[in-house]
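S.K.: The residues making up each chain are set out below.
2 protein chains.
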Amino acid sequence: MLPLPVLEQAAAEMTNYRGSGMSVMEMSHRSQVYIDIFDETKANLKRILKIPDTHEICFMQGGATLQFSAVPMNLIGKTGKADYAVTGNFSELAMKEAQKYGEVNIACSSSDKKHTYIPSQGDIKLSQDASYFYYCANNTIYGTEWKYTPDTGSIPLVSDMSSNMLSVPVDVSKFALIFAGVQKNMAPAGMAVVIIDKSIAGNEHPLTPKLMSYQLMIDSDSMHNTPPCYTIYILGLVLKWLETQGGVEGMEKIKSAKAKIIYDILDDSKVFIGSAEPGSRSDMNVTFRTHSEELDAKFVKEALAAGFDNLKGHRVTGGMRASIYNAMPFEGVQALADFMRKFELENK
Amino acid sequence: MLPLPVLEQAAAEMTNYRGSGMSVMEMSHRSQVYIDIFDETKANLKRILKIPDTHEICFMQGGATLQFSAVPMNLIGKTGKADYAVTGNFSELAMKEAQKYGEVNIACSSSDKKHTYIPSQGDIKLSQDASYFYYCANNTIYGTEWKYTPDTGSIPLVSDMSSNMLSVPVDVSKFALIFAGVQKNMAPAGMAVVIIDKSIAGNEHPLTPKLMSYQLMIDSDSMHNTPPCYTIYILGLVLKWLETQGGVEGMEKIKSAKAKIIYDILDDSKVFIGSAEPGSRSDMNVTFRTHSEELDAKFVKEALAAGFDNLKGHRVTGGMRASIYNAMPFEGVQALADFMRKFELENK
Numbered sequence: 001m002l003p004l005p006v007l008e009q010a011a012a013e014m015t016n017y018r019g020s021g022m023s024v025m026e027m028s029h030r031s032q033v034y035i036d037i038f039d040e041t042k043a044n045l046k047r048i049l050k051i052p053d054t055h056e057i058c059f060m061q062g063g064a065t066l067q068f069s070a071v072p073m074n075l076i077g078k079t080g081k082a083d084y085a086v087t088g089n090f091s092e093l094a095m096k097e098a099q100k101y102g103e104v105n106i107a108c109s110s111s112d113k114k115h116t117y118i119p120s121q122g123d124i125k126l127s128q129d130a131s132y133f134y135y136c137a138n139n140t141i142y143g144t145e146w147k148y149t150p151d152t153g154s155i156p157l158v159s160d161m162s163s164n165m166l167s168v169p170v171d172v173s174k175f176a177l178i179f180a181g182v183q184k185n186m187a188p189a190g191m192a193v194v195i196i197d198k199s200i201a202g203n204e205h206p207l208t209p210k211l212m213s214y215q216l217m218i219d220s221d222s223m224h225n226t227p228p229c230y231t232i233y234i235l236g237l238v239l240k241w242l243e244t245q246g247g248v249e250g251m252e253k254i255k256s257a258k259a260k261i262i263y264d265i266l267d268d269s270k271v272f273i274g275s276a277e278p279g280s281r282s283d284m285n286v287t288f289r290t291h292s293e294e295l296d297a298k299f300v301k302e303a304l305a306a307g308f309d310n311l312k313g314h315r316v317t318g319g320m321r322a323s324i325y326n327a328m329p330f331e332g333v334q335a336l337a338d339f340m341r342k343f344e345l346e347n348k
Numbered sequence: 001m002l003p004l005p006v007l008e009q010a011a012a013e014m015t016n017y018r019g020s021g022m023s024v025m026e027m028s029h030r031s032q033v034y035i036d037i038f039d040e041t042k043a044n045l046k047r048i049l050k051i052p053d054t055h056e057i058c059f060m061q062g063g064a065t066l067q068f069s070a071v072p073m074n075l076i077g078k079t080g081k082a083d084y085a086v087t088g089n090f091s092e093l094a095m096k097e098a099q100k101y102g103e104v105n106i107a108c109s110s111s112d113k114k115h116t117y118i119p120s121q122g123d124i125k126l127s128q129d130a131s132y133f134y135y136c137a138n139n140t141i142y143g144t145e146w147k148y149t150p151d152t153g154s155i156p157l158v159s160d161m162s163s164n165m166l167s168v169p170v171d172v173s174k175f176a177l178i179f180a181g182v183q184k185n186m187a188p189a190g191m192a193v194v195i196i197d198k199s200i201a202g203n204e205h206p207l208t209p210k211l212m213s214y215q216l217m218i219d220s221d222s223m224h225n226t227p228p229c230y231t232i233y234i235l236g237l238v239l240k241w242l243e244t245q246g247g248v249e250g251m252e253k254i255k256s257a258k259a260k261i262i263y264d265i266l267d268d269s270k271v272f273i274g275s276a277e278p279g280s281r282s283d284m285n286v287t288f289r290t291h292s293e294e295l296d297a298k299f300v301k302e303a304l305a306a307g308f309d310n311l312k313g314h315r316v317t318g319g320m321r322a323s324i325y326n327a328m329p330f331e332g333v334q335a336l337a338d339f340m341r342k343f344e345l346e347n348k
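Protein sequence lines correspond, in order, to chains Y and U.
Just so you know, our numbering puts 61 at position 61 of the first sequence, and the rest follows in order with no gaps.
Just so you know, our numbering puts 243 at position 243 of the second sequence, and the rest follows in order with no gaps.
If you're looking for bench data, these hints aren't it; they were derived computationally from the structure.
Certain hints may be false.
With a straight-line cut-off of 35 angstroms between C-alpha atoms, the simulated DSBU-like cross-links for lysine-lysine are [to be verified]:
id	chain 1	residue 1	chain 2	residue 2
1	Y	Lys174	U	Lys50
2	U	Lys240	Y	Lys240
3	U	Lys348	Y	Lys210
4	Y	Lys50	Y	Lys253
5	Y	Lys114	Y	Lys240
6	Y	Lys96	U	Lys78
7	U	Lys50	Y	Lys210
8	Y	Lys96	U	Lys100
I would like the entire structure built from these sequences, with the hints used as guidance.
M.R.: Below, the structure written as C-alpha cells:
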C-alpha cells in the first residue's frame with residue numbers, strides 16, 4: 001500500500017512535473033530537475049533516519065533478493081566466513097545464497113519452533129572471525145520481529161529491514177549495512193535502499209558484477225548507470241508524507257497502536273490463536289489461525305467477500321496474516337478488528 | 001520520452017486501476033489483477049516482435065548494465081571464450097566486464113575511426129570456439145547503428161538493443177539472446193527486457209547471483225522475487241500505443257522518415273557535419289558538429305533557449321546529438337530541423 005496523498009500527487013504530476021513540461025519518467029538522470037529530486041530524497045531519508053556521515057545511502061536495483069548475493073559478494077571475503085541468524089524464509093534464502101561465496105555459520109535459528117519466535121541475545125553463538133553477522137529484522141511470513149538490536153561486539157552488523165524500514169527509529173551507527181527492498185513501506189517494487197558504513201566497502205569478490213559493487217555505488221552516488229528514477233521520486237513523496245505523520249518516531253507509535261488492536265483480539269479470543277510468541281510479535285505482519293484449517297478457510301473466504309484482501313497466510317505456514325504496513329490507515333485496521341469480532345461471535 | 005497518451009492513462013489509473021480500488025504500484029505480483037497485466041504485456045511483446053516459442057521473455061532488474069555481467073556469467077562458461085564487437089562506449093564496457101569471467105576476443109572494432117562507423121561482415125574475425133558473439137545494435141553516443149544482422153554461423157548471437165528495440169522489426173530466431181534496458185523506447189528506467197533462446201540457459205557460473213540466472217528467470221516466469229511491477233505495466237501501455245502506430249513495422253517507417261529530416265539537413269549543410277559515416281547512421285541518435293567547438297557551444301546554447309533540451313553531445317565525443325526515440329513526435333523533429341536551418345543562415 002502507498003498513502004493516497006502520494007498517489008494523488010504522482011497522478012497530478014504525471015504528464016508535467018511542476019512546470020518542467022516533462023514526466024519524471026522521461027527525465028534524464030543527469031538533468032538538474034531530476035538531480036534536485038534525487039538529492040532531496042536522499043537528504044530527507046538521511047534526516048528521517050538520522051543517518052550519520054560515516055554511512056552512505058545507495059539506491060540499488062534488484063530488490064532485497066539481489067542484496068542476498070551482494071552482501072556476501074562484497075563483505076564475506078574479509079575472513080571468508082559469516083554468521084547468519086535464520087528466523088524465517090528470507091533469512092534462510094540469504095544464508096543459502098551466502099554459502100556460494102564463503103563459509104556460513106548459523107549463529108542462531110528459530111526453526112526448532114517453526115520460526116514462531118526471535119532468538120534472545122543469549123541464543124546467538126558468534127564465530128570469532130565472522131566478516132559480519134546477518135539477520136532479517138522482520139519476518140513477514142511468520143509474523144515475528146526483532147525487538148532488540150543484537151550485540152555482536154566487533155563483528156559488523158548487517159540487517160535486512162525490507163518489511164519494517166521506516167516503521168521504527170533505528171540507531172544506524174550500530175550497523176555496517178542495512179538494506180531494504182522498497183515495496184513494503186517505501187515505494188513501488190524494483191529497488192533496494194542500502195545504507196552502508198563506507199569503511200566496510202571496497203573488498204568485493206573479483207567476480208562481483210560491477211553494478212553490485214558497494215564501492216562503485218558509493219563512488220558514483222548510485223548513478224553508475226541510470227537509476228530507477230521514478231521509484232526514487234515516489235520514495236521522495238512517501239518520505240514527505242511520513243514527515244507529516246511525525247517521522248519514524250510518529251510512525252512507531254501509530255504502528256504499535258494499530259498492531260495492538262489486532263493482538264488484543266487474539267489475546268481475548270477463543271477462536272483465533274496468535275502464531276508468534278508474544279515477545280517476538282511483528283507490528284507489520286500479524287499471523288494467526290483458528291483451531292481448524294476449515295475454519296481458517298472460512299475466515300479467509302468471508303473476509304475476502306467483506307473486502308479484506310490478502311489475509312490468507314503464506315503457503316508454508318497456512319493460517320492467516322494481516323499485513324499492516326505504514327500506509328494502512330487506522331480505519332482499515334479497525335474495520336478488520338470489527339470483522340474478526342463478528343466472525344468470532346458467529347463461530348464460537 | 002514516453003508517448004503522451006501513455007502518461008495520461010497512467011495518471012488516470014494511478015489511484016484506482018480500472019475499478020480495482022488499488023494503484024498498480026500497490027498490487028501484489030501474485031494477485032490475479034496484476035498477473036493479467038503481466039501476461040498481457042508479455043503476450044503483446046511476443047506478438048509485436050514475432051518472438052518464436054523457442055524463446056522466452058524475461059523482465060530483469062538492473063538495466064542493461066547488469067546484463068553486461070549476466071551475459072558472460074550465464075553464457076561464457078560453455079567454452080570459456082566469447083567474441084565481442086567493440087563499436088562504442090557500451091559495447092566496450094560490456095567487453096571489459098566479460099573479461100572478468102572468461103577470455104574475450106575483440107572480433108571487430110571501430111576504434112580506428114573513433115567509432116564513426118559499423119564494421120562490415122568481412123571485418124568480423126570470429127573465434128572458432130566462442131561461446132557467443134556480442135554486439136551493441138545502436139550506439140547512442142556515436143550515433144551509429146548496425147544495418148545488418150551479423151552472420152556468425154554456429155556461434156550464438158547476443159545483442160544489446162537498448163536504444164533501438166521496438167523501432168525496427170527483428171528476426172528474433174537468429175538470436176540466442178537480445179536484451180534492452182527499457183528507458184529509451186519502452187518504459188521508465190530500472191529494468192531490462194531479455195529475450196532468450198531457452199536452450200542456451202542453464203550453464204551459469206556457480207557464483208552467479210541467483211537473481212541473475214537466466215534459467216531461474218525462465219523457470220519462475222520472472223517472478224522469483226517481486227518484479228518491477230509498475231515498470232512492466234507502463235511497458236504494457238507503451239506496447240498498446242505502439243500497435244496504434246502500426247507496430248514495429250510502422251515504427252520503422254516513422255523513425256526512418258524522422259531521421260531523414262535531420263540527415264538531409266546535414267548532407268546539404270555548409271555549417272553542420274554529420275559525425276557518423278552514411279552507411280552506419282543511427283535513426284535513433286543523430287550526431288553532428290560544426291567546424292568549431294565555439295560554434296557547437298553557441299548552437300547548443302541557442303537551441304536550449306529555443307526549448308530543445310539535451311542536444312549537447314556526450315562528453316567523450318563533443319559536438320551535438322539529437323535523440324529521436326519512438327515517442328518523439330514528427331512535429332518535434334520538424335521544429336528542430338527548422339531551428340537548424342535558421343541557425344545555418346545566421347552562421348554561415
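S.K.: Please go over all the hints and tell whether each is borne out by the structure.
M.R.: Each hint, compared with the structure:
1. Lys174(Y) / Lys50(U): 53 angstroms, violated
2. Lys240(U) / Lys240(Y): Holds: Lys240(U) and Lys240(Y) sit about 34 angstroms apart, inside 35 angstroms.
3. Lys348(U) / Lys210(Y): Given pair Lys348(U), Lys210(Y) is violated - Cα atoms ~47 angstroms apart, limit 35 angstroms.
4. Lys50(Y) / Lys253(Y): With Cα atoms ~18 angstroms apart, Lys50(Y) and Lys253(Y) stay inside 35 angstroms; holds.
5. Lys114(Y) / Lys240(Y): Violated. Lys114(Y) to Lys240(Y) sits at ~39 angstroms, over the 35 angstroms cutoff.
6. Lys96(Y) / Lys78(U): 25 angstroms, holds
7. Lys50(U) / Lys210(Y): 33 angstroms, holds
8. Lys96(Y) / Lys100(U): OK: Lys96(Y) and Lys100(U) at ~24 angstroms, within 35 angstroms.
Going down the numbered hints, you'll see the structure goes against 1, 3 and 5, while the others check out.
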